[in-house]
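Visitor: Below are the chains, spelled out letter by letter.
There are 2 protein chains.
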Amino acid sequence: MAVLRASENPIITPKDVAPSLDGFEVVGVFNAGVARYRDEVLLLLRVAERPVQTSPDVVLTAFLDPAQGRIVTASFARSDPDNDFSDPRLIVRHNRSYLTSISHLRLARSNDGIHFTIGEHPAIAAAEVYESFGVEDPRITQIGRTYYVTYVAVSPLGVTTALASTLDFTSFQRHGIIFAPENKDVAFIPEAIDGRYYALHRPHSPLFGRNDMWIAESPDLLCWGRHRHLMGLRDGAWDETRLGAGAPPVRIADGWLEIYHGADRANRYCLGAVLLDAREPWKVIARSAEPIFEPQTEYERAGFFAGVVFTCGLLYQRDTLKIYYGAADTAIGYAELSLYDVLNTLDP
Amino acid sequence: MAVLRASENPIITPKDVAPSLDGFEVVGVFNAGVARYRDEVLLLLRVAERPVQTSPDVVLTAFLDPAQGRIVTASFARSDPDNDFSDPRLIVRHNRSYLTSISHLRLARSNDGIHFTIGEHPAIAAAEVYESFGVEDPRITQIGRTYYVTYVAVSPLGVTTALASTLDFTSFQRHGIIFAPENKDVAFIPEAIDGRYYALHRPHSPLFGRNDMWIAESPDLLCWGRHRHLMGLRDGAWDETRLGAGAPPVRIADGWLEIYHGADRANRYCLGAVLLDAREPWKVIARSAEPIFEPQTEYERAGFFAGVVFTCGLLYQRDTLKIYYGAADTAIGYAELSLYDVLNTLDP
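Protein sequence lines, in the order shown, are assigned to chains C and R.
Counting in the working numbering, the first sequence runs from 1 upward without gaps.
Counting in the working numbering, the second sequence runs from 1 upward without gaps.
If you're looking for bench data, these hints aren't it; they were derived computationally from the structure.
Even for Gly, the Cβ is constructed at its ideal location relative to N, Cα and C.
Just so you know, not all the hints are guaranteed correct.
Claimed, not checked - Non-contacting residues of chain C with respect to chain R, defined by C-beta distances greater than 12 Å in every case (computed):
#1 Leu21
#2 Ile118
#3 Asn344
Said to hold, decoys possible - Which chain C residues face chain R? A few, computed with CB under 7 Å, are given here:
#4 Ile178
#5 Arg210
#6 Trp224
Could you build the full structure based on these sequences and the hints that come with them?
Guide: Encoded structure:
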């Protein structure tokens, strides 16, 4: 499976992004939503920041205090045995979890899809009680003139998915939480089918340990029901421990093509493809037996969370999938895959 | 807080209920939905069954095989160290969970609200892939002429909440999964407010360990969004580890009164009350500092899961709350509480 990575990769790295707050540093820019808007390619970048670390003995992190309406910092001593730092994304203390960084969404613009001008200020930043640990992983879907942005809102209340919309990428309207905890990886099918909208989503079922993909339907994009299990994990495969929607599905002749992520027990994140029925998208027609895209380059195999390629958006043009992807939860890469090659990986 | 238990308590016990399958035994009848229908009080009982146990060395349980469309049995040796029986409701093996019984919903009818005639066959039984471990904990809400039944659908895909409706309690129409895993304890506010329906629900957030109550809104009772956190656990209190809606809320002069359950770290389940704003039910006006109803009698303190009172339904009449409740996950009790007393427990 040929993956054509841009020679400029990674096309955006943390040093390209100014922190949004004094005394903070950007530790990751990854998992971007993608849209065409007028003559430009727009990305909504997930930018992960933390306070500049001042001592090797202490981990400094930050979160929104909703009561005060501002970002506050917190410190965790490395020597304290009650602090668990085993996952680089988390600090676990007394059965409570904190994130080691706080993410916001930042707009980037490009004429050629490779070289981006990055906004100076957040487009969407933590502002609600549901967002106090940050906003993450935007997916953009254009329906009519409106661009809908699903994003993950994280707080001590749980991992939820929220919806915002914009007409111009200048002002964004928030529509609240559309999927209750724990739910993420929400991607909309970009048109109504028989008057109903569909969303891929990834609830988590702790009792039975499942991280599977489901599909829901809606009359209005705001309220979701008729949840159906869409596809499950595959023992021993590259998507054996978790999977979730990546980019919003694209319509091809055979149905809806979804590029999704999966991880194995070593937490190696790859991309695969699944083809859904055009009229009944809760039916899986075929699915990649093997990944279509694996972490192979230096910047994919090393970073904040090593061994990850993860997409929230792509452009589909002339039988080419132009994929923007997070590399090692650190930087953004660009790669092109031929639709023909991808369809050849599908296993009915 | 005076609780007037019926002298006939428990009013329904497992020996009152015929098993639905040959070779099975009823181990629990509890957590019933409640409705008035014509001149009768109707209960939709949760009936938990299992194969008759034939050996002390083996646990026999049963589940629906959706492919075959029938209930199959499975056996787990007590001597096998890979089988974990520490929770009487579960068997955990190789990180997979099974239930020790399978539940269905059974109709019971009464003229006086105390003495019930119990149907011979299930009203709603496991029939879908989402229900293969059974259907549980129905809540009934009458809206217009239609009675809506939310119930918990359990399967290896997760713990979800499904919706059915009926006009006559003879035939039931299924409407699919309305809350994705993991979610239960779903109770509807029984009328639209400014054209929107509201549901209390209890998602589970494993990363942050929360078992809190949320509220969602809907245009049609089928699709749900605008999820808001309603009320959380209280450290050191009777509702410190989990809580969830009990009966559908009842309208009183001051707002919506919800009788909910909470559990402490000893897994002791009590009932409490919370008052929600009449027009903006996502706002909590007041909440019981102490339980209004605790497991105290022999049949509440001993049984399949000891130390539990749990309600899915009540009747509100002449300032009295007539509560049907599951006792120790084994039998059904009936108790009356005065609205005046309950309101006096509320802490603004």
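Visitor: Look at each hint and say if it fits the structure.
Guide: Consistency of the hints with the structure:
1. Look at leucine 21 of chain C: its CB is around 24 Å from the nearest CB on chain R, clear of 12 Å, so calling it non-interface holds up.
2. The Cβ of isoleucine 118 of chain C sits about 30 Å from the closest Cβ of chain R, beyond the 12 Å cut-off, so the non-interface label holds.
3. Against the 12 Å criterion, asparagine 344 of chain C stays outside the reach of chain R, whose nearest CB is about 30 Å from its own CB.
4. Checking isoleucine 178 of chain C against chain R by beta carbon gives a least distance of about 5 Å; that is within 7 Å, so the hint holds.
5. Proximity of arginine 210 of chain C to chain R holds as hinted, the smallest CB-CB distance being about 6 Å (cut-off 7 Å).
6. For tryptophan 224 of chain C, the interface hint holds, since its Cβ comes within 7 Å of a Cβ in chain R; the closest pair sits about 5 Å apart.
Violated hints: none; the structure is consistent with every hint.
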